[in-house]
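J.: Just so you know, the sequences run in chain order X and E.
Residue numbering for the first sequence follows my numbering, beginning at 1 and increasing consecutively.
Residue numbering for the second sequence follows my numbering, beginning at 1 and increasing consecutively.
The hints are simulated quantities; they were obtained by calculation from the structure and are not laboratory data.
For every residue, glycine included, the Cβ atom is placed at its ideal position computed from N, Cα and C.
There could be a bad hint or two in this list.
Stated by the list, open to error - Within a straight-line C-alpha distance of at most 20 Å, the following computed PhoX-like cross-link-like pairs (lysine-lysine) qualify:
1) K68(X) with K303(E)
2) K410(E) with K42(X)
3) K559(E) with K647(E)
4) K68(X) with K559(E)
5) K411(E) with K27(X)
6) K411(E) with K42(X)
7) K297(E) with K42(X)
8) K27(X) with K493(E)
Said to hold, decoys possible - Computed footprint of chain X on chain E; a stretch qualifies when at least three of its residues, placed anywhere within it, have a C-beta under 8 Å from a C-beta of chain X:
9) 343 to 357
10) 451 to 459
To be verified - Okay, the calculated beta carbon distance ranges per label pair:
11) T20(X) with R206(E): 50 to 60 Å
12) T89(X) with K245(E): 51 to 61 Å
13) G84(E) with T89(X): 27 to 37 Å
14) K77(X) with P517(E): 32 to 42 Å
15) R687(E) with T20(X): 30 to 40 Å
16) T20(X) with S209(E): 55 to 65 Å
17) K77(X) with G671(E): 25 to 35 Å
18) K77(X) with Q601(E): 48 to 58 Å
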Amino acid sequence: MAVCIAVIAKENYPLYIRSTPTENELKFHYMVHTSLDVVDEKISAMGKALVDQRELYLGLLYPTEDYKVYGYVTNSKVKFVMVVDSSNTALRDNEIRSMFRKLHNSYTDVMCNPFYNPGDRIQSRWALLPVSASSPGGPYSRVRIQSRWALLPVSDPVQVGPTSCVRIQSRWALLPVSDPVQVGPTPVSDPVQGL
Amino acid sequence: MSPTQWDLPVELCCRPMAFVTLTGLDVVYNAVHRAVWDAFCANRRADRVPISFKVLPGDHEYPKCRPKRTSYEWYIPKGILKTGWMNKHLNLVPALVVVFYELDWDEPQWKEKQSECATRVEIVRQSLQGRNTKVAVVLIQKKTPLPPGEDVIASERAAALCNACELSGKSLFVLPHTDHLVGYIIRLENAFYEHAQTYYYTEIRRVKSHKEFLNKTTHQLLFVRHQFKIAFFSELKQDTQNALKNYRTAYNLVHELRAHETNILEIKTMAGFINYKICRLCFQHNTPLDAIAQFRKHIDLCKKKIGSAELSFEHAAWMSKQFQAFGDLFDEAIKLGLTAIQTQNPGFYYQQAAYYAQERKQLAKSLCNHEFDLSDPEKEKVGVLAIQLKERNVAHSIITLLSNAVAQFKKYKCPRMKSHLMVQMGEEYYYAKDYTKALKLLDYVMCDYRSEGWWTLLTSILTTALKCSYLMAQLKDYITYSLELLGRASTLKDDQKSRIEKNLINVLMNESPDPEPDCDIFAVKTAQKLWADRISLAGSNIFTIGVQDFVPFVQCKAKFHAPSFHVDVPVEFDIYLKADCPHPIRFSKLCVSFNNQEYNQFCVIEEASKANEVLENPTQGKMCLVPGKTRKLLFKFVAKTEDVGKKIEITSVDLALGNETGRCVVLNWQGGGGDAASSQEALQAARSFKRRPKLPDNEVHWDSIIIQASIISRVPNISVHLRHEPPALTNEMYCLVVTVQSHEKTQIRDVKLTAGLKPGQDANLTQKTHVTLHGTELCDESYPALLTDIPVGDLHPGEQLEKMLYVRCGTVGSRMFLVYVSYLINITAEEKEIVCKCHKDETVTIETVFPFDVAVKFVSTKFEHLERVYADIPFLLMTDLLSASPWALTVVSSELQLAPSMTTVDQLESQVDNLQTGESASECFCLRCPSLGNVEGGVATGHYIISWKRTSAMENIPVIRTVITLPHVIVENIPLHVNADLPSFGRVRESLPVKYHLQNKTDFVQDVEISVEPSDAFMFSGLKQIRLRILPGTEQEMLYNFYPLMAGYQQLPSLNINLLRFPNFTNQLLRRFIPTSIFVKPQGRLMDDTSIAAA
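Take the sequences, apply the hints, and build the full model.
T.: Encoded structure:
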């Protein structure tokens, strides 16, 4: 499957970047970074199109000798970049699309985590997407569960925390009721945060 | 191995053109020949036929044609293509040899000349033995030829000459040396071109004819060779479509060849040649996508054909060249008008070429690190070693390729790709030991990566930059890069960081740092020497580094305790410092600079002055920054009085590391701290909803600190109250009572009051508003709108002071009034006596309204509304005064000032008095207007003057006179005026005498018809119908005796008057003057009784 996956913030700094051949990580970092040129260009060209007709998948960004770089941009301008081995002919456009969709779902799940602050680098021991093809549980099985109430994949039967197997609907859905201070996006009582 | 070994040969890269040689021209000594030759060479633009000409002597030896073999049976070719073949057909073997010969048709010695010419042709033919090269003869003639068919001698001799030279008629040309030389030359050229094409056509046929003798097993190479030759001849024939077709076939055949270690390079070279030709032709045919597809196919096919592992750098070199050549072709096509796009431009090919060049270098480095040893017995081995040895000395062109790619990506809007390539260039310069250039390039792109927050990439670049600066012993750069590599943006491991920190501390102590890892040993030796020199060098050991452009390992934030400070309270602020390096670090000095530099001296911490009194707890540990811990330093100072009302701002914070005896680095934060990464971090922190863990009291969470660096002045401690009764009435002396009370603890001096219209409002308001302190007299235009600096005196603590202001507003509307109180006070702050100037202002908006509304109307004496009055006939003027003021008004008097044209009928007396809100007062005046003739717009009536004041106003407040201009009235003349004399009431069955007076107002004698309509309620005696004459200016009386029959309000018998001269004079008009009804009382019973009694 993909050799490298990157999630890039709206401001173009990397939120998450992981590659399988770890020995030459720097090369992939450069590759992802340079691909932002094309992403930027495509987004600015797309800006003219109607918002609701916008296609999130950007397609092949640019080919290199050994790899193909694909791009995807969410409505909030978070970019996903995926590097695929050129020799891997099994990956056609449709497969890439579905991989991006899975990645997008995983990313949404990360955003749903109330303990994740949007814009922070995603500190996950596990990759957002399986880098090898042989992962039975789909991308969800690899999503790191950051806290007791964090991401709970729908398909995954693992029971974690008090609210297992519940699809997270919002950022605030899964807060423990017993702790009132942490609930809600407006902690007015905390003077430090008010600043 | 020459550096150009991998370059494509010139004969491959040029555009093939038909080759034609010109003989018999003496271009050095013969002017005519020179001119002919120049005409051939000069101005070879695109519209001329593609021929390459060459002048050769008549007896030139052309390359010998080898005898053609009749069978290929036992022939085994040694290679695909002979090295010189392309050059031979481009530059050595002509398609056509032209023999120039000076001969006129009327030449006297014709026979001799003819045979000489034939000999020349023969010599050329001899030299071209076995080739299909055509021969043509051009006769240079002095005379202009006659039109064909007219010159009999010419045609005869031409035929004879052709015969002698064994030429066809088509190969003999005449070139008259006259004015139109260029025209003739172009015609000649076209003829030559046709001959050349025929030649190449026959060549193609000839090569094709070999095919049938070949077999696939032994002659594989020849298949490629022949196909290539056909394609090349097609190109010479300018048949590019067929050329492309044949090249493609040749390309496929090349890949069918059996490849082994010895011929793999040959196959690749040939494939490269053919590929080059195909791509070139595709671009030429404007099918760039075909070219790109062909090139991709080519690379995919050849990528894996590495050949001998020991010579794998050759493969890399070849690959690099392939990409470069394609990049060049692409770029050339763009110059000729092709448009490239961001994702498909020559830059990618140059980049890839550079990549292979780098690979070549690396392979060579790993393969060629041996000494040449000739004792090896195997010759092949020796050859390989020789090649490897040579490879070691190759000058690599990676940087050129990279800079080509940079130029391309710059053109196609790929800033990040450009930065990446520049990093690679920098690294190449680093390998090439050109550290200055490397540093320049790396430094240039660093900020791009920093601003986008790609810390991994930034760290890698910084690491290289640090090596460069170490190797050059560039102190400032070395320190800067170290600072950033230790900082939070660096992704280095802790052991690396502690190594760098150790080095940095060494540098600060004026010692040499340890060399960076993975540096060239020789370079390190030079560097160590340089560092040693630096140590011995005295001076210039203080470096100031502005941190706003990078992310150093010390973070700094400044924060005032409050947004504003009273001048008597010391200004307090904290400086927060935090180090991100692995080990604790000491700083030697911290100083804060302000916009007012006088405060700078109070805010310095230095190692030497340990007992600084402004410090809260001056301890030794203060100067040491523990990694990850936030250190808070408190500063306070007393602001100067002259800064009251101004902002105090921290302009910079300087932190010195190291000391002046060794080396000293001053980190300089602009404003209240913050570096290249902190704005983004602050944004992130603001977004965060995370609850921060509880920390001990003396520590602060770093993210919660917000830089705030400005304060404002002292707050006054007095109260200012305004008392008044809004709204103000127009023109009145409006009273505004200002109460100032001091809440200060000491006496305040020099209290001054500024009051009046707030400046900056409508200019008209300024002219219609007047302020005075004296309410006893009315103020006029000369009074100002704003009274400034009215001295009020001193105020003791708690004392209160009242001041009355009078405002006169000439127009209605709302106005803003300002009351501004300033004073001086002595304060003791931090044992210093200071005089402080404070002020307080208060604004109030006051609405001005009319005190009353005045309505004026004209009515007739019957109180009927009049639109116009009649001359000399009395009418009534009624005034209605409606109070609009919420406060009671006293109307002192009212007065009517009549215009000269008006006269009164009776006395004018004022009858109005006090008015409450909503009350109204009316007056009525009886006036008369003499006849004035026809006045346009009516006649002025006069003015109505009301003198009034507020009932609540004090005695001494003057009365305000409000003048109201009365409306004009239209005066009209009437021809006849009728008025009636009748009692105010009648009584049933009692006679009621009525006298009508008819006045003739005209200068004519008037005929008047009078009739009286009978009425049910009256009987009457008198003239019922009469016609009479009234003389001018006289009056006629009509007496009637009415006898009422019914009681109540009864209609009088109506009087109808008809004027024969004035048909417009109607009864309608008449009724305005005479009463139409009268009240009739019933017959009094009492009266009856008395009359009965009397009877």
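J.: Hint by hint, note whether the structure agrees.
T.: These are the hints, each one checked on the structure:
1. K68(X) with K303(E): Distance ~17 Å between K68(X) and K303(E) Cα, so the pair holds.
2. K410(E) with K42(X): With a Cα-Cα distance of about 17 Å, the restraint between K410(E) and K42(X) holds, given a limit of 20 Å.
3. K559(E) with K647(E): holds, 14 Å
4. K68(X) with K559(E): violated, 50 Å
5. K411(E) with K27(X): Violated: K411(E) and K27(X) sit about 24 Å apart, past 20 Å.
6. K411(E) with K42(X): holds, 17 Å
7. K297(E) with K42(X): Violated, at roughly 28 Å.
8. K27(X) with K493(E): holds, 19 Å
9. 343 to 357: holds (count 4)
10. 451 to 459: holds (count 5)
11. T20(X) with R206(E): 50 to 60 Å: holds, 59 Å
12. T89(X) with K245(E): 51 to 61 Å: violated, 30 Å
13. G84(E) with T89(X): 27 to 37 Å: Cβ of G84(E) to Cβ of T89(X): about 44 Å, so the range 27 to 37 Å is violated.
14. K77(X) with P517(E): 32 to 42 Å: holds, 40 Å
15. R687(E) with T20(X): 30 to 40 Å: holds, 32 Å
16. T20(X) with S209(E): 55 to 65 Å: About 58 Å separates the Cβ atoms of T20(X) and S209(E), which means 55 to 65 Å holds.
17. K77(X) with G671(E): 25 to 35 Å: Cβ of K77(X) to Cβ of G671(E): about 30 Å, so the range 25 to 35 Å holds.
18. K77(X) with Q601(E): 48 to 58 Å: holds, 50 Å
Going down the numbered hints, you'll see the structure goes against 4, 5, 7, 12 and 13, while the others check out.
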